[in-house]
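A.B. asks: As you go down the protein sequences, you meet chains A and B in turn. Numbered per full-length UniProt numbering, the first sequence spans residues 1 to 479. Numbered per full-length UniProt numbering, the second sequence spans residues 1 to 375.
To be clear, the hints were calculated from the coordinates, so they are not data collected in a lab. Small disclaimer: the values here were computed from a predicted structure and weren't measured. Any given hint could be a false lead.
One side of the interface only, derived from the structure: several residues of chain B facing chain A at Cβ under 8 Å [as the list claims (entries may be wrong)]: (1) A58; (2) N60; (3) K116; (4) H284.
Quick reminder that beta carbons are idealized off the backbone N, C-alpha and C, glycines included.
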Amino acid sequence: MAAAPSSRPFEYLESLPGTVFFKLYQQPSTALAIFRRMLPDLAKCFVMALLYLKQPLPAADLEVWVQSESLKERDNALSILGRLHILSNTVTADNVRAYMVTDPFATSLRNALTGADQTQSFGVLSHVPSGSEVSIAGLDEYARRQWEGVLGYMVGTGGLGTQREVTLSKGVKELLQAGHLVEIRDRRVEITQDGFAFVLQDVSTQVWHILILYVESATAIGMDSVEVLSFVFLLSSLELGKSYEKNHLTSKQLRMLTDLADFGIVYQESPDAPRFYPTRLATTLTSDSSALSNPILGALSGPTGDPSSKAGTGFIIIETNYRVYAYTSSPLQISLIALFTTLKYRFPNLITGKITRQSVRRAVEMGITADQIISYLSTHAHPQMRKHNVSRSTSNQAGIPPSVLPPTVVDQIRLWQLERDRLKATSGFLFKDFVSLAEYEAPCRYAEEIGVLAWKSDQKRMFFVTRHEQVAAFLRSRK
Amino acid sequence: MNTIDATEHYETSAHDRPPSLLTIIVDTNPHAWALLNPTLPLSTAIANILVFLNAHLACNYANEVAVVASHTHKATWLYPVESTTTRNSSSKDIDGDITMRPQAPSPPAPSTSINKYRPFRIVEEQVSSNLHALMTSTTPESLSTTTSTMMAGALTLALSHINRRTIAWNEAHGGDITNPNDPPNSSSNNTRGTPESTLQSRILILSVSSSTGSAHQYIPIMNSIFACQRLHIPIDVCKLSGDAVFLQQASDATKGIYMALEEPRGLLQYLMMGFLPDQRSRRHLVLPTRVDVDFRAACFCHRRVVDVGFVCSICLSIFCEPLGDGVCLTCGSRLDMGDYGAKPAVVARKKKKKKVKANGPSATGTPTPTPTPGP
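Next comes chain A alone, as it looks inside the complex (with noise of 0.2 Å):
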């Protein structure tokens, strides 16, 4: 399965020190942006159940308000909420285990909902004179443009030239190359396998997996990962096509704005304007993947300059015989669809071509999984194909969320990257050589039981774990 759209962000954040999320959650705006990204919807309906109260919630009192057949989803959100330090456990005053909300996170969201906020987090609005406003349409248009330069550098299609050259800076070549998503050889730009996992995802995931890159090697030259993931999420929560002050902000975070927009991720007339746009790719940050369906999104990957293409939200059609066709011309988009297809014909704006057992393979020779396939599929799927399969698969299933994809290709896609996953490698430690049965029975059922045994061999005495420890100091026990 394709990682989860928030799981990037949502692993970065996790890996940080409590110290940074007590600075982080200051901001009102990170305390929203949090909020509403990284949460599962059960986690979100505890933290506002909890958010107004002024004691802590005995924790037998949330278990009893979560039916009992949810304890999978309450475990997980609660688990959540405590990773990202959200819900701390505490003893209410007649020693009652109970769950709070953390103090910075807790003001700072009443301040972002009730707008007590004195920290200017939300971006300060700025006055344009009348006439030299920047449209939403152009910005759209700038943040496509740039974005596909982005990725149309790492997938080599700059020399088709049917497009306008983009010219990136270096700082973002740069920063592809540190994220291991391109290699230079020889003077050459070469996608990695990275790179593939990359370009083939949603345009949301990608700008996350951008930004967390940016904040990694922004950490690495000495910026504060704080200041600069406060930034981030200030970006998110501005409104598209309105401008902001830039003088509120500090020297580095004019710092990232510069890098920021040549990823079109914000938008500024020049680096010297005392103003910035947020581009769509900014205010959509915090939305999850049903925001891909926006018209925009799809717009950012879809056919280029055709009018149309804002209603639609995708624009490849798949047959249950295989068949692909994709209404459109963007070389990008093409060479895309071409990693895992066999094209037959290129039209204006259509191309066809046929997912065959040798494209697939190919594909997954070149490190691509079936599961990003299936989902560049499922995501950029044309409008027609949801409506179709939707109507479809209620009548006949209903509580199953409808697939959108044919299912026949969606399994067949899989059993094809099966025929080649048929080793699979685990590191792990060989016990071998003992002297009798039962001194090998022994551990080896331990090593069962604490689950680390990964294959063992009555006949030939051996048995291989995945983790060495336990088993060691079981083995040293009994001597």
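With the hints as your guide, set chain B onto chain A.
C.D. replies: Quick look at chain B alone, frame taken from chain A:
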């Protein structure tokens, strides 16, 4: 090798979480708020509602809200409203409808000291300014004529807005747009209520008036309730004062939440805990529901709330007293009233004699399971 099974690929859309649309109907009946004023003034209640609206908007980037005021003589929108009345002619869409965009009503001199997430501020500014306009337009004369609230009108407004947004959302996301009024799985055994892939809508009614004055709206209210039931739109009811006979039925029929607040000052906490979870989260939560629902209906002839009534056997209209000429007022069917109006002398004669020929055809036609014990 065994990782492929038939169910796995359905998870691809598990992360697709459609946004939800919350429509709040605020009962702004001044009579009832005047009674509530010592415990919970309207201004405090509105402030709490605004925080609650913000919390709903905070939950998802694409979440939407709408606020309807149910006033004494009309039901009106508080949010969203069209930005300016002068642009009426230009902002019509292809259907000739006026688009209601949550646009800022060009606030006079936006104070830069307030730093607030912009969607929150737009909602807040519109709701408070429209409510203010509504209150200033209310004259003492208009209040003296009625003490009830236009709940039926407000429900209808909310439903039409939900319908409109659902169609628009489906159009934008390639859903089923052929018949949005038809729930795609109304006949199947889907117990979850709403289909997963469309805009999730719900209605929250903040009720203060008592129902006695609104019995004349019984039919439109029940029709709205049945529409919600069919469209899988839960109606949540938050009862601050008064008694709401029909609203209990509304939340019961639509699987919504009914809460009568014992302590109206804690409104925000009630809202946050009870009413914020959307349909998806509600599946996992134990919800506050009411077991003893008041199922009383109002009669069609005098709009009285009745405990025992008379039902037309053809169209199921309810009447509080037997019809004079035996003709149903709703469908016009001639009903054989039998001997309903006869004097209770029947009982008296039964006491005297055991076997007596009953004097009406209806009395003989009715079989008595246990014979009257003899003296």
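A.B. asks: Are the hints correct? Go through all of them and say.
C.D. replies: A quick look at each hint next to the structure:
1. A58: holds, 6 Å
2. N60: Since chain A brings a Cβ to about 7 Å from B:N60, closer than 8 Å, the hint holds.
3. K116: Check passed: Cβ of B:K116 comes within 4 Å of chain A, closer than 8 Å.
4. H284: holds, 4 Å
Of the numbered hints stated above, none is contradicted by the structure.
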